[in-house]
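A.B. asks: Chain by chain, the residues run as shown.
Number of protein chains: 2
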Amino acid sequence: MLTRAPHLFDDATRVTAGDSRWQGQTSDDYWAFVGPFGGATAATILRALIDHPQRSGDPLALTVNFCAPIAEGDFDLDLRLVKANRSSQHWSVELTQGGADVATLATAVFAERRPSWSHQPAQFPQAKPFEQILPYPKIAASWANQYDFRFVEGYPDFSGSNKEAPASAFSKLWIGDRVPRKIDLLSLMSMSDAFFARVFHARRELVPFGTVSLTTYFHVGAEDLAAEDISRVLAVADAKIFHKSYGDQNGELWSPGGRLLATTTQIAYFKA
Amino acid sequence: MLTRAPHLFDDATRVTAGDSRWQGQTSDDYWAFVGPFGGATAATILRALIDHPQRSGDPLALTVNFCAPIAEGDFDLDLRLVKANRSSQHWSVELTQGGADVATLATAVFAERRPSWSHQPAQFPQAKPFEQILPYPKIAASWANQYDFRFVEGYPDFSGSNKEAPASAFSKLWIGDRVPRKIDLLSLMSMSDAFFARVFHARRELVPFGTVSLTTYFHVGAEDLAAEDISRVLAVADAKIFHKSYGDQNGELWSPGGRLLATTTQIAYFKA
Numbered sequence: 015m016l017t018r019a020p021h022l023f024d025d026a027t028r029v030t031a032g033d034s035r036w037q038g039q040t041s042d043d044y045w046a047f048v049g050p051f052g053g054a055t056a057a058t059i060l061r062a063l064i065d066h067p068q069r070s071g072d073p074l075a076l077t078v079n080f081c082a083p084i085a086e087g088d089f090d091l092d093l094r095l096v097k098a099n100r101s102s103q104h105w106s107v108e109l110t111q112g113g114a115d116v117a118t119l120a121t122a123v124f125a126e127r128r129p130s131w132s133h134q135p136a137q138f139p140q141a142k143p144f145e146q147i148l149p150y151p152k153i154a155a156s157w158a159n160q161y162d163f164r165f166v167e168g169y170p171d172f173s174g175s176n177k178e179a180p181a182s183a184f185s186k187l188w189i190g191d192r193v194p195r196k197i198d199l200l201s202l203m204s205m206s207d208a209f210f211a212r213v214f215h216a217r218r219e220l221v222p223f224g225t226v227s228l229t230t231y232f233h234v235g236a237e238d239l240a241a242e243d244i245s246r247v248l249a250v251a252d253a254k255i256f257h258k259s260y261g262d263q264n265g266e267l268w269s270p271g272g273r274l275l276a277t278t279t280q281i282a283y284f285k286a
Numbered sequence: 015m016l017t018r019a020p021h022l023f024d025d026a027t028r029v030t031a032g033d034s035r036w037q038g039q040t041s042d043d044y045w046a047f048v049g050p051f052g053g054a055t056a057a058t059i060l061r062a063l064i065d066h067p068q069r070s071g072d073p074l075a076l077t078v079n080f081c082a083p084i085a086e087g088d089f090d091l092d093l094r095l096v097k098a099n100r101s102s103q104h105w106s107v108e109l110t111q112g113g114a115d116v117a118t119l120a121t122a123v124f125a126e127r128r129p130s131w132s133h134q135p136a137q138f139p140q141a142k143p144f145e146q147i148l149p150y151p152k153i154a155a156s157w158a159n160q161y162d163f164r165f166v167e168g169y170p171d172f173s174g175s176n177k178e179a180p181a182s183a184f185s186k187l188w189i190g191d192r193v194p195r196k197i198d199l200l201s202l203m204s205m206s207d208a209f210f211a212r213v214f215h216a217r218r219e220l221v222p223f224g225t226v227s228l229t230t231y232f233h234v235g236a237e238d239l240a241a242e243d244i245s246r247v248l249a250v251a252d253a254k255i256f257h258k259s260y261g262d263q264n265g266e267l268w269s270p271g272g273r274l275l276a277t278t279t280q281i282a283y284f285k286a
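Residue numbers (the numbering used here), protein chains in the order written: chain A, 15 to 286; chain B, 15 to 286.
The hints are simulated quantities; they were obtained by calculation from the structure and are not laboratory data. The reader is advised that the hints may include incorrect statements.
No copy is singled out in the list; a pair is fine if it fits within one copy or between any two copies.
[Stated by the list, open to error] As a list, the in silico BS3-like pairs of lysine-lysine whose alpha-carbon atoms are at most 30 Å apart: (1) K285 / K142; (2) K186 / K258; (3) K196 / K258; (4) K186 / K142; (5) K285 / K258; (6) K177 / K152.
All figures in this text were calculated on a predicted structure; none of them were measured in a lab.
The shape of chain A in the complex, shown without the other chains (with noise of 0.2 Å):
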């Protein structure tokens, strides 16, 4: 089922390695409204760090601050290991275009993550069969039609009727790319930003939008999830508040046989 031919995400999070400048580029594929999907930077950020030679070991925590809009066209990233520890290490990433200021400011942890007792407190979330739900209709912004969005709960009604009166800003659903490919950590990395802004649930509309800060962690290496094998995720967000323009969420994304493989949260800004 999985295509064999490069698939648009490895071309959209493409880098080329460089010393400890690498460089990047951003895709018309996954174009949010103003600048490109935060997910995609994201994953390329952790595409450069997984593929530097210095690394060792699985992404533990990746955190990306959205400083200022990224333009259309070439970025570099610049990567230092700030700390390197005998299990795991610290790393700082800041992505620059024609060297001018920062736009994406990122932390990340790696670890050896060793055998130990597990537990998993969090309930897998019940969902009808990915195969029994209509794909999400495709939309102005590219980014999301790269994925196979398919909604179990909170069905997107952003047709702005009775937005003062919030709506719930849950959702469960499906994500998978549209055109099939095999999870990784990238993929997850991206995913893990895919959800649409917990603001158009709750307020039934689009508004003016922009994630400032994401952070994700991984529960499982990559050698796990390889095994898992799966081309898609059960996936939850939720929001919290709402406040004076800045709005939380918060995330799990699954593997259809009930394993969390990453948690996620973020900040953002809206305009209402």
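Based on these hints, arrange chain B on the given structure of chain A.
C.D. replies: Then chain B, alone, in the frame of chain A:
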């Protein structure tokens, strides 16, 4: 009720201004088993940022990556304003000691928070009043004794009994300073790291543990919080997964009046 003399917490998180390089020092009063209490370190970083002459707006997000142990004594804080926009600022902070490797790496977002549509979908946790609960007794780690913990749910049982059959990782508790102090953004930051390790609750025993990365979002500005005029918060914390030596935590800090003040998440190492 609130003390007028300098509070231990203010002494512990004191900073000396520099140009870009500031100084702080560890505190015996906020000491954990092998280093300073992470919440005090995070609050010290936040204090330096808030006190910085170039700082503008209120803290929105702070991520602190604990890269290496901090030794008892002085430390330097290199504060860098990575990007300033019209209404937001992105900072990076590196904590070092004696010119050695980075021990703590933080990023922060500050923002001018403009009035907007407000909505708080998160539910205020029901709890017995603070006054009706006995304080948690003093323990060996000095930092914990600076807090007045009153458990509503998830009272710690670290007896080690039945440790292979997991107990709940959920806690609900009141947190105040043992010597009452009006809650500000600094103490809120510190309290966001003041939960006992989720793995201690889940396994009913103390095991080697260390927070690796902590992210806290503030849902109130300094003025909003001052107007609340409170000396304790109602806090909840839970975990979703423990796997291959790392586990997560997510938490909420509420004003007694039902306002969500901050949300927090962390990923931590454990040995079990």
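A.B. asks: If a hint holds in the structure, say so; if it doesn't, say that too.
C.D. replies: Tested hints:
1. Proximity of K285 to K142 under the C-alpha cut-off of 30 Å is found in neither arrangement, the shortest distances being 34 Å within a copy and 37 Å between copies.
2. Taking the shortest Cα distances, K186 and K258 sit within 30 Å of each other both inside one copy (26 Å) and across copies (27 Å).
3. Proximity of K196 to K258 under the C-alpha cut-off of 30 Å is restricted to the inter-copy arrangement: shortest distance 23 Å between copies versus 40 Å within a copy.
4. Taking CA atoms no more than 30 Å apart as the test, K186 paired with K142 passes inside one copy only; the shortest distance there is 10 Å, against 33 Å between copies.
5. For a Cα distance limit of 30 Å, the shortest separation of K285 from K258 inside one copy, 9 Å, qualifies, whereas the shortest one across copies, 41 Å, does not.
6. In this assembly of identical chains, K177 and K152 lie within 30 Å of each other by CA distance solely inside one copy; the values are 23 Å within and 50 Å between copies.
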